[in-house]
Each structure stands twice: as structure tokens, then as C-alpha cells.
Amino acid sequence: MDKKLVIPGEFLSDDPSLADEGTYVEDNKVFSTVFGIASFKNHVRVVPLSGKYIPKPGDLIIGVIKEVTYSNWIVDIRSPYDGLLHISEFPRRIENDEMSKYLKIGDSIMTLVSDVDANMKVELTLNDQRLRPIKEGRVIEVTPSKVPRFIGRSGSMIAMLKNETKCNIFIGQNGRIWITGRDNEMELAIKSLLKIERETHISGLTDRITNFLKEQKGEKVQVKKPEKKQKTMAEDKTEPVEESIEETEEKKESEGILDELLGNEK
Amino acid sequence: MSKPEKLIESGIRLDGRRPDELRPIKIEVGVLNRADGSCYFEFGGNKVIAAVYGPREVHPRHQQKSNSAVVRYRYNMASFSVEDRKRPGPDRRSIEVSKVSREALEPVIFQEYFPRSAIDIFVEVLQADAGTRTAGINAASIALADAGIPMKSLISACAVGKIDDTLVLDLNKDEDNYGQADMPVAMTPDGRITLIQMDGNLKRDEFKEALEMAKTGCMAIHEMQKAALMEKYSAQIEGENNE
Amino acid sequence: MSNEIIAELRKDYIYNLMIKGEREDGRAFDQYRDLVIETNVINKAEGSARVKLGDTHVVVGVKIQPGTPFPDTPDQGVIITNLELIPLASPVFEAGPPREDAIELARVVDRGIRESQSIDLSKLCITPGEKVWMVFIDVHVLDDGGNIMDAASFGAVAALLTAKLPAKRYDLGEDSPVPMRNVPVSITAVDIGGSIMLDPSLDEQSIAGTKLTVTSNQEGDVSAMQKSGVQPLTTEQINYIVDIAIEKAKEIREKFLVI
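Protein chains in written order, with the working numbering: chain A, 29 to 294; chain B, 747 to 989; chain C, 726 to 984.
No wet-lab data here; the hints were simulated from the structure.
Where a beta carbon is used, it is the ideal one built from N, C-alpha and C, also for glycine.
Be aware that a few hints might be false.
[What the hints assert, rightly or not] A short, non-exhaustive set of chain B residues, derived as facing chain A with CB atoms under 8 angstroms:
(1) G800
(2) E803
(3) E858
(4) R862
(5) G894
(6) F953
(7) M976
[What the hints assert, rightly or not] Taking lysine-lysine and the BS3-like style, the derived pairs with C-alpha atoms no more than 30 angstroms apart in a straight line are:
(8) K736/C to K752/B
(9) K745/C to K952/C
(10) K223/A to K949/B
(11) K57/A to K32/A
(12) K832/B to K745/C
(13) K769/C to K893/C
(14) K736/C to K194/A
(15) K832/B to K57/A
(16) K919/B to K893/C
(17) K32/A to K961/B
(18) K749/B to K856/C
(19) K961/B to K752/B
(20) K174/A to K736/C
(21) K898/B to K772/B
(22) K94/A to K811/B
(23) K745/C to K856/C
(24) K245/A to K736/C
(25) K245/A to K745/C
(26) K752/B to K32/A
(27) K978/B to K219/A
(28) K898/B to K84/A
(29) K219/A to K848/C
(30) K174/A to K954/B
(31) K745/C to K163/A
(32) K961/B to K919/B
(33) K952/C to K769/C
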């Protein structure tokens, strides 16, 4: 058994050396700390179904300026901790009294977490080619722990989304996603992203979303699985044997689900 | 209602329950949009709603702790939740209930994971029928899990009392008013007690028995809490499969 | 009300939709979100209602008890309206006694009910000069999704329409319904870049320059009005809002709030 939905305090393993994220060890046993999906491949870890973003150095995220002080922009990064962007981390040399001219309250930025100290003081930077203020397009918010799902195995999900919608999509580690493109294409991308957010736990997600997108665009769609289900429902009473086969298949599917939810495994 | 002659006759209580029976429980997880985690909990005639915000910035700043999250619990009864309208705002009882409830949950929360932040728990009683604090703790536990707050385990709570010299589980309003003892208890699934209060009169061995009864009640509630959380998730799967 | 920062990007998006005549959730400018009103939800209250208006969720309890009348109205019952923006309902609500937002909401809900003469206060008299029925309307906001004003008002009216005077409990005869004779309906509009939209969502409310609530009664008369927010409104805008509010109130009254 590979994956399992667990609640806080649920027993996971007798081997404390396997304990990883989302677990704690007591009496030489490993337990879950959160309500989420436990995986047992190699190490034992639990990915929570919800929760706040806790910044780590190296994270690429999207922030919103909430305050401008003498030498820092204070940035909302969707975390219990604010990010601090020091004036020296701005890509150009600017004066302290010009700060609002370049970044004012309400402006959105793509930024990098450069450091997080023991007191959870979070330092941000804009000094990087990849980073920039966000001036057009739209930003939506999803659950931070589901970010790997949006990226997909080896980036497959996000690559497919970009391809099908012709939009540029940037997924911040803090669960903020920036989309740019034409109005109706952005609308489509956002619909798909919200669908992913709702359905992270369902199997064959990449295919479902691909089909969804094609449907929305009026293209031909692959229709295999839905047919099977209808057949079972219609022949409910007369073919009990078929039903049980269906059940086993669904069970296999649900184990596969959790696999994909966890995204790239170490 | 004036004191009934008997609160329990031939092992059956006035509301038809046996001594070790809990009142019906209904649980809904994630009922609020703005809160990070929430739970609606019905326990007999009690209707409570719990919400969790956090971890989040601490306001006022001076309440911040440099090496851990600060856990705050606010238990409040709506004016219309009781027979005689209650003036809005905290009274001495609510403040005490808030304190012991917070102390019931704090031991299992991994506060040290979130220095300089707050984990705020709010419990509103919309309808009261004895046992609101235990209903609140049960709901708050679920709301914490719903919010993704890391914990050692859930906490489950129920009250044991004595009526007509018989120990009973989960008192209702009349049993609480006219009974001989009332003892709310909260504990972890492995039986460690995080809340215990008592008023009334219990002999030494009655107390031992009462505690065992409470344990059984709490274990049963823990199963229901777990089921409610699991159900929220699988309901989503079903919903999507039926599309 | 809110001190959360809304990203400029988001404001631009809503504004651009407005220019195209659209709203984020696809509603028309004069359309209300899904509205669900359930009554008799709290058994300890003499009347109660639970309202879900889009993502906004409120519970209203009506408690009725005998009490002493005000000296200047010795033969009239008393209505007292209170509203709690409990911290459970939003990250920006703080615990503590009601502050200006909650007080304003309570007073406007109260005004709508009082000024429309919807309750015949003289019928709430028990013994003139000594004992009258005190009607406490308590609004408990559980989830703020925008436009708490209307949700609270619908809830208060629905709770009153199904409330009973608990005469039996106080040995004053048989229980009877609260004497409601008119049904006030509050309609709230916001101004976003010059366009008027009804029933603002949370973000629409935060972005709007100003908000106007118009409460009208069955006859289509205006019984209460409140402008909330700093931006000025023109006479044309106000008259326009009053017109559509009266029409919309009729719609909502017919569907949800019938005596």
C-alpha cells in the first residue's frame, strides 16, 4: 500500500529512521502531524490538504506590496510572515524617497526568497533575471501544498496548460499563479487551474484537464473511461460481476491518484 | 421546567437514552469560506461552530512569542443561544471556558513550528443544551485539522455526570441542572487527559468509574471526528466522479 | 471595513470587467447572488433565521421577553437590534465590543424595521406603563462574503415573520405571532467607477468608492437609507439607485419574505 489519507496522530510506521515531512516520532513510532495524504515510498511523509505557505530560501513566489517604510518594502507573501524587500535588493539604484514611485502599495511582484532566519525574518530580492514587477495579466490563489500538482511530474501539467491555452503561466511556491495572455485564453487557463485545485485527488488528472481544455475549445476529446461507468450503472442489477471489476479498477485508480498528488517524489 | 421526579428510571433517562449513550452528533467540516479551517458541530441540542485562523500575524504585536506560535481560544455564546437572552460579549464564565479549552488543545499543537505567529480558535455557540464546552473542543479539534495545523492528534471531549445516584455519559440540560455531578473531560486518543473539571459530589470509586466512562465516550467521539474529516474528502471524490 | 490590501492587478481586473458591463461572477449589475433563507433554526430563540447570500452567511435570533417600557412610550413594546461582526467571520474582524461598522449595520437594520412601522408596537403592550414585550434582534455574522447589510436585514425580517410572543411561558395567555404588518426589504448598491451594482461581493465592496443602502416597504415607500463610504454620489445616481432598489425589493419580498 503506497498512499493513504490520514488525520493528525494516525500511526504510520514502526521505523523512526523513515520519518520525513508531516510526521513526528514518539515511543519509536512515526505518526502524522497533519490531515493529508501519507506516502510510504522510501520515506514516510504526509502532504497536508491545506495550510499556510511557510517561506524557504530559494522559493520563487508572488508578493503584494503592503507597506513602504524608509528603506524596505513590506510584502504580503500569503504567509503568517511578511517578506522584507530592502531597497538594495531592487534591480536599480534608487533613492529612499523614490521607493513608492517604483513599487507602491498594491503592486504585485515576482520575487525570490533570499533568506529566512531563525526568527522567521524573511528577506526577498528582485535582483535576478527571472524576477519582475507584475503589471498585467491576472493572479489567482491556490492551496500552497498543492503546488507540485500544478507543476506536474517533470513539469508536465504546466507545460500542457501553457501549450493548450497559449498563455504564459508562472506558479509561485506560495500558491499564487500569474497568467498572461489574451482575455479569453486567460479565462480558460484560470478555469483549468481552479479545476485542478478542486480535483487534485482524482486520478488521471493531466488527461482530464487536457480533455477539459479541448472540450472548452470545441476540439475532439478522448472518451474512454466515462463510457465504462455508464455501462455499469445501466446494467446495475443484471451484471454484478462487472460491478466488482469496476470497483477493483477504481481502487487501483485511487492509489494512482495519491501518487500524482505528491508530484515529484525524491 | 421544575425538577422532574426522577431523572432515570429502570436504566432509561428522560430522553430515552441508556446511561452510557451519547446524544446524536452531526458534524460538517469546512463550512466557512473566510476561515482557514472550520467545523459545524451538533451535539444533542447544542449547535456550535468553530473556526480557525492561522498561523497568522499576531495582533497586538506584544502578544507575540519569539520561539513559538501563540494559541488563542475565544468561546462565545450568541445572545439567542439560551432561554433567557444573554447580553452580548464575554462574561466570566466564557472567559473561564475559553481558558480551559485552550489548555485542552495547546498540548497537542506543534506551536514551535510557527514562531511569532498566532493560531486563533473561535467557537460560537448558536444553540445551547448543556455540554457546549465539550462540543466546542470537539469542533475546534476538527477545525484545526481542516486548517492544516500540525498536531500530535485530535482532542475529543465529553462530560460524565451523576443523576439519581447513577453515572451517566453526556448530560443534557435538565440532567445538568438537577443532577448531582457534572464532569467534562477532554483527552487524546491514547487516553491522556488535557481537560478535566468537576462540580458536584462523586465518591472516590464513582470518580474512577466516571473517568473510565468519559474515556469510552471520548474514544467514540474520536471515531466520529475522524470519519467526518475523511468524509469531507471522499465526498469531493464522489461528487467529481458523478460529473 | 477591511484593512486587507487588494492587489492593484485585481482592482484593474474588476474595473475592466465593469467597463465591459460584466462582473467577476458573471452576474448582471442588478442581479443578486444565490439567496437561501431558512427560518426556525434556533430552538432557544422565539424566532430565528439563517441567511446565505452568496458567500455571506448570517444567523439571526429573535428573543422576546417582558420588560419595562421607555417612559415616553409607556404603551409601546421595545425593539433592540444588535449585530456582532464576530472574529470567526473574517480575518479582519476583531474580538471586542461592536465598533463603528457593526454599530452602523445594526442601526440601519433597526431603522428599516422601525421606520417602516412593520411591527405594531402598541400590540406589544402587556400592561401600559409597566410591562411590555421587548423584542431583541441579534444578528450573528458567521462568514463575510460582502453585503452583510442585506443579509442581516433579510434575516432579521424573516426571523420576525416567524417569531412568536412567548406568552405561555410568562403566564400571559397563549403564544401568538409577532404582529408584523409590513415587510421592509433592504437593497444595497455600490458605485464602481461610475457604474452602479447591486449586492456587492467582498472585493466589489472593498474596491467601491461608496455604498448606498435603501430600505423600502410593501407600498414602495422608502423607509430607511444609508450612504456608507467616502466618495460622493450625484443626485441622479441616488435617484437611480432608489428606483432600482424599490423594484428589486419587490422581487425579493415576493420570493422570500411574505407575511
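Here is what the structure says about each hint:
no.: 1; hint: G800; result: holds (7 angstroms)
no.: 2; hint: E803; result: holds (6 angstroms)
no.: 3; hint: E858; result: violated (11 angstroms)
no.: 4; hint: R862; result: holds (6 angstroms)
no.: 5; hint: G894; result: holds (3 angstroms)
no.: 6; hint: F953; result: violated (27 angstroms)
no.: 7; hint: M976; result: holds (6 angstroms)
no.: 8; hint: K736/C to K752/B; result: violated (65 angstroms)
no.: 9; hint: K745/C to K952/C; result: holds (26 angstroms)
no.: 10; hint: K223/A to K949/B; result: violated (59 angstroms)
no.: 11; hint: K57/A to K32/A; result: holds (17 angstroms)
no.: 12; hint: K832/B to K745/C; result: violated (50 angstroms)
no.: 13; hint: K769/C to K893/C; result: holds (15 angstroms)
no.: 14; hint: K736/C to K194/A; result: holds (24 angstroms)
no.: 15; hint: K832/B to K57/A; result: violated (48 angstroms)
no.: 16; hint: K919/B to K893/C; result: holds (21 angstroms)
no.: 17; hint: K32/A to K961/B; result: holds (27 angstroms)
no.: 18; hint: K749/B to K856/C; result: holds (28 angstroms)
no.: 19; hint: K961/B to K752/B; result: holds (27 angstroms)
no.: 20; hint: K174/A to K736/C; result: holds (26 angstroms)
no.: 21; hint: K898/B to K772/B; result: holds (24 angstroms)
no.: 22; hint: K94/A to K811/B; result: holds (23 angstroms)
no.: 23; hint: K745/C to K856/C; result: violated (59 angstroms)
no.: 24; hint: K245/A to K736/C; result: holds (28 angstroms)
no.: 25; hint: K245/A to K745/C; result: holds (22 angstroms)
no.: 26; hint: K752/B to K32/A; result: violated (50 angstroms)
no.: 27; hint: K978/B to K219/A; result: holds (23 angstroms)
no.: 28; hint: K898/B to K84/A; result: holds (24 angstroms)
no.: 29; hint: K219/A to K848/C; result: violated (56 angstroms)
no.: 30; hint: K174/A to K954/B; result: violated (47 angstroms)
no.: 31; hint: K745/C to K163/A; result: holds (20 angstroms)
no.: 32; hint: K961/B to K919/B; result: holds (21 angstroms)
no.: 33; hint: K952/C to K769/C; result: violated (35 angstroms)
Of the numbered hints given earlier, the model fails hints 3, 6, 8, 10, 12, 15, 23, 26, 29, 30, 33; all others are met.
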